[in-house]
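Novice: Here is what each chain is made of, one letter per residue.
Protein chains: 4
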Amino acid sequence: MKTVKVGIAGAAGYTGCELIRLLAMHPHAEISWLMTGKTNEGRRLHEVFPHLRGVPDRVFQALEPASAQGVDLVFLATPHGVAVSIVPEFLEAGCRVIDVSADYRLKDPKLYEEWYEKKHTAPELLKEAVYGLTELHRSALPGARIVANPGCYPTASQLGFLPLVENGLIDTDHLVADCKSGVSGAGRGANVDFLFSEVADSMKAYGVAGHRHLPEISQGLALAAGKPVGLTFVPHLTPMIRGIHATLYGKLIKDADLQLLYESRYQAEPFVDVMPAGSHPETRSVRSTNTCRIAVHRPQDGDTVVILSVIDNLVKGAAGQAVQNMNIMFGLDETAGIGRPGLLP
Amino acid sequence: MKTVKVGIAGAAGYTGCELIRLLAMHPHAEISWLMTGKTNEGRRLHEVFPHLRGVPDRVFQALEPASAQGVDLVFLATPHGVAVSIVPEFLEAGCRVIDVSADYRLKDPKLYEEWYEKKHTAPELLKEAVYGLTELHRSALPGARIVANPGCYPTASQLGFLPLVENGLIDTDHLVADCKSGVSGAGRGANVDFLFSEVADSMKAYGVAGHRHLPEISQGLALAAGKPVGLTFVPHLTPMIRGIHATLYGKLIKDADLQLLYESRYQAEPFVDVMPAGSHPETRSVRSTNTCRIAVHRPQDGDTVVILSVIDNLVKGAAGQAVQNMNIMFGLDETAGIGRPGLLP
Amino acid sequence: MKTVKVGIAGAAGYTGCELIRLLAMHPHAEISWLMTGKTNEGRRLHEVFPHLRGVPDRVFQALEPASAQGVDLVFLATPHGVAVSIVPEFLEAGCRVIDVSADYRLKDPKLYEEWYEKKHTAPELLKEAVYGLTELHRSALPGARIVANPGCYPTASQLGFLPLVENGLIDTDHLVADCKSGVSGAGRGANVDFLFSEVADSMKAYGVAGHRHLPEISQGLALAAGKPVGLTFVPHLTPMIRGIHATLYGKLIKDADLQLLYESRYQAEPFVDVMPAGSHPETRSVRSTNTCRIAVHRPQDGDTVVILSVIDNLVKGAAGQAVQNMNIMFGLDETAGIGRPGLLP
Amino acid sequence: MKTVKVGIAGAAGYTGCELIRLLAMHPHAEISWLMTGKTNEGRRLHEVFPHLRGVPDRVFQALEPASAQGVDLVFLATPHGVAVSIVPEFLEAGCRVIDVSADYRLKDPKLYEEWYEKKHTAPELLKEAVYGLTELHRSALPGARIVANPGCYPTASQLGFLPLVENGLIDTDHLVADCKSGVSGAGRGANVDFLFSEVADSMKAYGVAGHRHLPEISQGLALAAGKPVGLTFVPHLTPMIRGIHATLYGKLIKDADLQLLYESRYQAEPFVDVMPAGSHPETRSVRSTNTCRIAVHRPQDGDTVVILSVIDNLVKGAAGQAVQNMNIMFGLDETAGIGRPGLLP
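Going down the list, the protein sequences come from chains A, B, C and D.
Heads up: take any position in the first sequence, counting from 1, add 1, and you land on the working numbering.
Heads up: take any position in the second sequence, counting from 1, add 1, and you land on the working numbering.
Heads up: take any position in the third sequence, counting from 1, add 1, and you land on the working numbering.
Heads up: take any position in the fourth sequence, counting from 1, add 1, and you land on the working numbering.
For reference, chain A alone in the conformation it holds in the complex (with noise of 0.2 Å):
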């Protein structure tokens, strides 16, 4: 079996040392190099990483696509705005690129624009690029020559809602999605918010006025529902390290068996588990997994039925959907590599 050579760029966060690992364990691909920032370079895997210590040890190289050519694929993990620019120079070193920041994700360069306050300086390759929910897009992946791998609410969201909207059955002018984010999803840069003194044992909702992935969610329905859709997004910050939990309201506006509905939906799915009906997924159980459990719920009977989403940020929402797209994109099998159980406790 063929093995895929891939270089990680912005390696030296949590996506990327998450990156790391999944694809130290994956039988069928090798890590050419890693490149950072200012902030690393120079310094080696083992010093910033010493969980790392047994997986081959390397130097951080400086962010230079130039230096990229030899690998099949480059994973992008860098903050927001850097793969604009960066990812037109790996296409043209020969490399596919996975971009796991939101650089590629909004359809609409004008969008882009207004959300991340920057312009799109490459709004032909936003046409290009596959939006890498594998659940959604998985047809378009073996051809793609850059996948956005989609954010970590918008996964935990649209995998939620996606049965209900493409079936017409909710009033998706009025769509709740009240999330909870453990607090590596904020990344590993410095920051006063991010302090354990400053997050452990509270609780807090932010960015209610408007979260950049509320349009990314949006965008997703809008394209299952066939028309725009009204949502109402609210993230929290949770005092855990990893894990998204999703809570999905809807009004029911025609009536169906919900649980079938999603059993159907997602038979066939590696990644997603429906649970028995009445059950409520807790974020540890997807730990450390790809998958992404869903409970289905409409209480007491009423028109309003909720759903219940989780998984965990830094592999379904980022690293490991990104090597399940990979795994698509060079015709592995879909689950190589991230198909291990969760760690609990």
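Since no wrong hints were added, every one of them can be taken at face value.
In this list, chains with the same sequence are indistinguishable; a pair is considered to hold if it fits within one copy or across any two.
Below, in silico cross-link-like pairs of lysine to aspartate or glutamate (DMTMM-like), each with a Cα-Cα straight-line distance of 20 Å or less:
{"hint": "1", "residue 1": "K39", "residue 2": "D194"}
{"hint": "2", "residue 1": "K252", "residue 2": "D172"}
{"hint": "3", "residue 1": "K252", "residue 2": "D304"}
No lab work stands behind these hints, which were simulated from the structure alone.
A quick note: this is a predicted structure, and the numbers were derived from the prediction, not measured.
Could you slot chains B, C and D onto chain A? The hints should help.
Specialist: Leaving out everything else, chains B, C and D in the frame of chain A:
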């Protein structure tokens, strides 16, 4: 100034020890006795709660209303189902009662039976009991013999929804309360589900099919609305010790200056703090305090209003509001003993 | 390559579910049955541990050695005191046994009786049992019928002290092991002391007067020293799920290049990682792995040596070391199934 | 009763906000101004610390001793190195000073230079400064112009060791202080090392080669012993917000009734609580309080004594002890404003 003599029944749980802490600092209260169940009967306060060394030591007595004579007020922090039968005995002994358990909250004995799976044996006292959400029933407190202290979720949720519901601004058929609670809300009983290794670093919803606080919140909002309401209530267990974060969603049916509305409604309230527009209150900002902090949002100026309401579940959600009610019942300054700033970090 | 058929008794606790996780990923092991105590008897694996959905479902059987036939190896993860009597039955049924509980660790039955308050009814098997600290007794494992898998504190402490003690470098009359453990070490029983609200955001020592792991550590170090040792062992409960951090103190009586000593002693060991001089291993760096990370310090070049030794209590401190021992017992690659990098953050 | 007018310099960190909290509840203190560094200059107190809404709002001023006039006392909670130069200016402005930073703790300016890598420019004030471990230097406080408030580790460690050292009961050449601290001890600066995702669910030692609190503890114990001492000090970072747990080891060289010794030594101390024999104090038992709880152990009646000493690092380890010292300096009741029971759970 007079001193209120109090007894605490059910004093060995979290609400019990919080009552002891608050009353020990109260300038006009004196604890006469502590009663408890079998597990801790005969043990000393300092043995069960070493953090209270410094507060006068006492022995936990058996739970016997007959020995209650001589106190002005009894706080009941017993497990649900106990107060039903012992409240009448305490009243007979000449004490007034604040029941921090759920037994006297639901006005309709059938509802109580449905949700607590036990017949209510004192329906006439249900009628008499004043529901102690101070900000809603303050005027009835001075003359009350029995006060039913609200639950933690109901306190945060009702205070958050009240201004909208009282003014007919939202569609009361489709209210959503997505609530997150710290683990102390589950009490101090031996239960695998609340072990550190089960709930740390994880999050989950629970009771989506129906939680006992649902009819309590609905009852309060219906009273404010003047008609029945439709509420979807989803509680979540969060890895923090104290704190409730209620994220409340409603569909606006009339326009109004919501920020102004909330500020006016709660202007005179010593324990409700409406934050500046655009705020995101953290649960830790009310840790150890009796304050409810509220922020009002209307994302993208759409027709969905989002209210963020946080309390400390053991203070404003239990022991603190009980002391607030005591203060009013006995003609003391409403803030006596509970007006200190919160503990952070 | 052959497949080892295994059974797990005591499979519904933390060590049990960790064994299931590790064995499910093992290329040469197959789980034949799961046995457990009354609480979970008859329940399905997926119901008790939803995170293991994906692993083949099974029903927890009653704990009956008679039904053990047909497996090569039984892992016992039962509460202390159970293995004493059922190990002989499993042996009789023709199975080899790895006892992860404490019942076969202390060679002297009087010591067992003193510390576990129960007479040991199989003293001849105590003699036969191989103490499964792999790095110390590897050569005895291939022929062993019964392996007494070490405790978590003893694993971290002995691996940390061994090179010093084996070489007579420190005063063995005054050893100090100050150890910190995550809460999962206390097991999955219903116990108020280990509720989230009791142990989160706090730390305490326990068992200072005498903890059951004290004679176990002493026994191992005495064997290495060739004479009795004097050990002060103070365990601490730490608000983390997994992990043991042993901080070990000894007074040097001979000079030596300590860093070199440790590197040489563990050079060939796949699961002991001596870190570069000056390091401070974090418990999270070994989370989910079978590795023990050790750092050697001699502050201010004085005569006190400080060894830092970290493990994951459920892996190298329990289930992982058990699988490592199984690998050796059955002639498999020692790292089979347990060689993956750790989960961080 | 008089009111002490105070100013707080370095008011936007954790010690700063704890000083504000404690002084806001103090019956005889009044905060005149708050000074801070560039980051928060010009911001309002309520904006930086929303939990202090309710306390009078103020604007953080620039750090300029010239504007200090009119206050009786200045608390300095500035980063180490700042107080060296501004203390003289505050003294000149006629204020007394309590320096909660480390700048005036080490009596020997060479030691300061060695450990803080900065020349001490006010060596004569070093001599004058009273080391504010209240229980050791109470009598010198009333007349002090400048008090050097002890560090958190030094407070817990010295209070734990003092009775043994003062009475020559242990070998002072081989003291061991194994200390565990909550993360707030690291302050409120932007630093990757203290992000939630870096320190939660993990533990590590740090600074084993030499930590700045080592010479401070040694200085205090040497004073008590009347001769130099040999101390091995190993601090650990623990995933909790507040709290220090010092586990202290010494080799007994004389016999004594240790429990009685400790009870006698601290009998009259309002903020040192010697627990009953056999106790294991939890850090949470002193959360938010100025109390140091101590337990005395002599495992297996051997010659090693183990002292457990816990404090809240931000209260007795910083702001609370500073207020205690203020009370004595100004002739107030020593417990004024800091005598409340702790917050638990």
